[in-house]
Amino acid sequence: DQQVKQNSPSLSVQEGRISILNCDYTNSMFDYFLWYKKYPAEGPTFLISISSIKDKNEDGRFTVFLNKSAKHLSLHIVPSQPGDSAVYFCAASRYSGNTPLVFGKGTRLSVIA
Amino acid sequence: DAGVIQSPRHEVTEMGQEVTLRCKPISGHNSLFWYRQTMMRGLELLIYFNNNVPIDDSGMPEDRFSAKMPNASFSTLKIQPSEPRDSAVYFCASTLSVTVEKLFFGSGTQLSVL
Numbered sequence: 001d002q003q004v005k006q007n008s009p010s011l012s013v014q015e016g017r018i019s020i021l022n023c024d025y026t027n028s029m030f031d032y033f034l035w036y037k038k039y040p041a042e043g044p045t046f047l048i049s050i051s052s053i054k055d056k057n058e059d060g061r062f063t064v065f066l067n068k069s070a071k072h073l074s075l076h077i078v079p080s081q082p083g084d085s086a087v088y089f090c091a092a093s094r095y096s097g098n099t100p101l102v103f104g105k106g107t108r109l110s111v112i113a
Numbered sequence: 001d002a003g004v005i006q007s008p009r010h011e012v013t014e015m016g017q018e019v020t021l022r023c024k025p026i027s028g029h030n031s032l033f034w035y036r037q038t039m040m041r042g043l044e045l046l047i048y049f050n051n052n053v054p055i056d057d058s059g060m061p062e063d064r065f066s067a068k069m070p071n072a073s074f075s076t077l078k079i080q081p082s083e084p085r086d087s088a089v090y091f092c093a094s095t096l097s098v099t100v101e102k103l104f105f106g107s108g109t110q111l112s113v114l
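Each protein sequence line maps, in turn, to chains A and B. Going by our numbering, the first sequence opens with residue 1, and the numbers climb by one from there. Going by our numbering, the second sequence opens with residue 1, and the numbers climb by one from there.
It is possible that part of the hints are untrue.
Pairs of lysine-lysine residues, derived as PhoX-like cross-links and limited to a Cα-Cα distance of at most 20 Å, are as follows [stated by the list, open to error]:
#, chain 1, residue 1, chain 2, residue 2
1, A, K37, B, K102
2, B, K102, A, K56
3, A, K54, B, K102
Simulated from the structure, these hints should not be mistaken for laboratory data.
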């Protein structure tokens, strides 16, 4: 049973427009959420995170929104650039529960010039 | 810092053969994780260690899989015997504690079992 779900396997966006990647989770004990970015032939790298005490965290072009009642988070990339083309993984954890990250299946983003 | 180092980068083997994947975590990190990436299941946790001790191996698919961490700077994931359905990318990751701020991943081992 997938505790972290990324229901869109792929997404195509034009350069300069907004990319919105979605993630849903089922475990209400999760209180810390992260996004990782993965290029081909490389390991995933950390992108941005958010704690459940917040509903938004911003880092440059990247913003993560958290809706706890809906158990939903999203990653916004504005403006999208061709270098953003990668697989994005959503991950969740219980920050204080000494538990490892649980990842979604990933969404492949293609930014078209 | 060299980051998490995995070897080999690619492994092609025949069904029934033993496969050993290796990982050197970042120096000073005390938690190590083995993940497997497939199209069907995404990134799934196989096993993790804290201070060289296996904490949870419930993600290991079968008895054919085993993992060891003999010291703080080395871990292996072994598959014996290997099967075609084991074909995937295997990632090792390390961090300062199990309660993660961020995981640092290696580049992965692409395993193909023919």
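**Message:** Please list, smallest to largest, the hint numbers that this structure does not respect.
**Reply:** No hint contradicted; all consistent.
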